[in-house]
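All chains should be built: construct the whole structure from the sequences, respecting the hints.
These protein sequences, in sequence, are chains V and L. The C-terminal residue of the first sequence carries number 249 in the working numbering, and the numbering is unbroken. The C-terminal residue of the second sequence carries number 600 in the working numbering, and the numbering is unbroken.
Please keep in mind that the hints were generated in silico from the structure rather than gathered at the bench. Predicted, not measured: the structure shown is a model, and the values here were computed from it. Be careful, since some hints might not be right.
[Said to hold, decoys possible] Calculated cross-link-like contacts (lysine-lysine; reagent style DSSO-like; alpha-carbon spacing at most 27 Å): (1) Lys253/L - Lys203/V; (2) Lys143/V - Lys321/L; (3) Lys593/L - Lys578/L; (4) Lys228/V - Lys263/L.
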Amino acid sequence: MLKTNPGSGLQGVSPPCLRGMPTNKFVKIGDLTRAVCRFALTCFHNTQQPALMKLNNDDIAALQQQLATEGNQQAYKTLYLYFQPWLYQFAYSFIKSHELAEEIVSDVFIRIWQKRTQLREVENLRLYLYVSTKNHALNYLQKIRRSHVFNLDELSVEVTSIQASPEQLLITKEMHDRVTLAVNQLPLRCRMIFKLVKEDGLKYREVAELLGISVKTVEAQVTLAIKKLGNTIRFEAGRSTPLGNSTGE
Amino acid sequence: MSNKQDVIWELLAKKLSGEATAAEQTELEALLRQHPDMHYAAGHLSDLWKQDAPVSLHQREQAFADHLDRMKLAGVDWDEPVKSGRRVVMKWLTAAAAVVLLAAAAWWLMPARNTAAPAVAEEVHAEKGTRSRVTLPDGSVVWLNADSRLTYKDDFNGALREVYLEGEAYFDVVKDADKPFIIHTARMHIRVLGTTFNVRAYPNERTAETALIRGSVEVSAQGEKMRPVILRPNEKLVLYLDGQQPDTINEQPKQEFAIRPLHVAEQDGLPLETAWVENKLVFRDEAFGTLAARLERWYGVQISLNGPEVKDLRFTGRFEKETIEQVLKALQITAEFRYSMNGKNISIFQQ
Chain V
1 MLKTNPGSGL QGVSPPCLRG MPTNKFVKIG DLTRAVCRFA LTCFHNTQQP ALMKLNNDDI
61 AALQQQLATE GNQQAYKTLY LYFQPWLYQF AYSFIKSHEL AEEIVSDVFI RIWQKRTQLR
121 EVENLRLYLY VSTKNHALNY LQKIRRSHVF NLDELSVEVT SIQASPEQLL ITKEMHDRVT
181 LAVNQLPLRC RMIFKLVKED GLKYREVAEL LGISVKTVEA QVTLAIKKLG NTIRFEAGRS
241 TPLGNSTGE
Chain L
250 MSNKQDVIWE LLAKKLSGEA TAAEQTELEA LLRQHPDMHY AAGHLSDLWK QDAPVSLHQR
310 EQAFADHLDR MKLAGVDWDE PVKSGRRVVM KWLTAAAAVV LLAAAAWWLM PARNTAAPAV
370 AEEVHAEKGT RSRVTLPDGS VVWLNADSRL TYKDDFNGAL REVYLEGEAY FDVVKDADKP
430 FIIHTARMHI RVLGTTFNVR AYPNERTAET ALIRGSVEVS AQGEKMRPVI LRPNEKLVLY
490 LDGQQPDTIN EQPKQEFAIR PLHVAEQDGL PLETAWVENK LVFRDEAFGT LAARLERWYG
550 VQISLNGPEV KDLRFTGRFE KETIEQVLKA LQITAEFRYS MNGKNISIFQ Q
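Here is the structure:
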C-alpha cells in the first residue's frame, strides 16, 4: 500500500513529481528480465538485419520471393522500412493528413502480409505498392468528397533530398538557398514527377502508369525540373565568380 | 545555342534518371565538351541527384512498430512462425541462451521468494491537491491526477498487464506485443500494446474519457451495446454515463459515446487533456458545476455553489502556479460572482 503525502495545494508539486514509486524486489527482477530480453533481442537483430537502405530491383525481387514463399517476417520488415517513408509522402500528397497517410501505408502493408502468397504473381512490387497506396488514398478521398478523381496539379510534395547542406557539397549558402527556392518554385505537377523519379527511384514508364500520364509527359517534366535547377546553378555560379557568364545565353 | 542547351538538359535528366541509352550518354558528353559553361551546373546537379532524402532509420523503425500495433489491433495474424533454415537455428539458440540466463537470474534473485504467494494488490493513491508519478514493474510510467487511485496485482507482469483506475491518469506504456496492457475503469476498458494516452474516469463525473496522444488503443465500454472503438492519435472517446446528455447546447442528444479531436492549446500546441501532467490547470468553456469539482480535487478544497445560476457560468482558463484564491479572483474578472473562504471551505454566491 502506497500513499502520497497529502499536499495543501499546487505549490511544491514540481513536474514531473516523483512519488510513490514502488522499489520492491519484484521491480528489480522485472528490470533484469527486461534487460536480458533486450539483450536477446539485440542478438536477433544483429543476425538478421540486412544493411539498409539501398535496395536495387534484384534485392526487392529476392525479398518479395522470401516473403511469398516462406512468409519471412524479416523480409517483410526490410521492405516496409525501405518503402514506408516514400509511400507515406506519396499518400500524404493526396490526403494532407499525417495520421491518415500513415494509416494508408499501414493498410497497404497489412494487405501485403495477408496476401503474401499471391505476391509471386506481382511482376513489379515497387509499382504495385505505389498503385495500391494511390488507390487506398483515392478511396479515402472518395469517402470524404464522393469523388474518385485526382488532379495532378494539386498533389504537392516536398523534395527534401535537394536541400543538402552546403558543407556536404562544398557550395555557398547562397547557392544552397537558390536551389532550395528553385525546387519549391517548380510547378506542383513537375515537382511531384521529379520527386518520384529522383527520390523514389521510379522509372519514367512507372511514373506514367502510376499517374495516368504519358511517358513523354514524364520525360518533359523531369527535363523541365533539371533545366530550371541547372539554370539556377549557372546563374548563381555566374554571380559569385566575376569571370563567369551571368546568364549563359 | 539555347536549343543545344535544352538537349543537354534533356539528356542529363535521362542520364540521372537511369533512362539514357549508351548512345545518349555519349552524345551528352560530346555536347558538354562543346559547352564548357554548362559543366559546372551539370556536375553540381549530378552531385545533388546523388543526395538522399533525410529519413532516419529510427523514424522508419518507429513507423514499423506502430504498423505492427495496428496490425495486431486489426486482428491480423502476424506471429505465424513459418520459417526454415539456419537463421532460425541461430534464433532458437539465442532464445535458448536467453531462457537459461533468465532462469539463472531468477534462481539468483528469488530464493527467498514464496512462489505460491497469493496475488497482492499494490495501490498508488494521489490525494486531493496532489499529483503523483509511478513506474510500474514493466517500466511503464503513470501520472496520477489528484484524487485518483491506481491498483494492480502482484502478478501484474504475467501474461497480461492489468491495472484498475479510479480517477484520472496519464499512461506512457512500454511496448510489449506479447503482454497487452489493460486498464479497467468503472465503465471503460482500454486495451493497448504500447502508447501514450490519458484516461479520465472520476466516479462523480458525468462523462468518462480516453484521449490518445500517440500509438493506438482499443476502448470498450462496460455493459454497452457499443463495439470496441479503436482510437487514432489526437482523438478521444467520450462516454456519456447513465444516459446523461452533455451540457452544451450543440451536442447531439441521446448519444452514448462520441469520438472527438483533442483540444490543442494555442499557446504551446499541447492537448488540453494532458496539460495537468505538466502541472497546468487548463479548462475551456467549462461550466462552474464541473469546474468546481475540478478545483476541489486540484487544490484539495471544498466548494459549495449557492444559487441556481452559478453552476451554469462558463469559464476558460489556464493556471500554473496560482493559488486557489488567485484563480477565483481571475475567474471573477470574466463572470459575476462572490465568494467567501474559510480555511478549506469556499462558498460561491450569485452577485
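Point to revise | Numbers of unmet hints, in rising order | key: none
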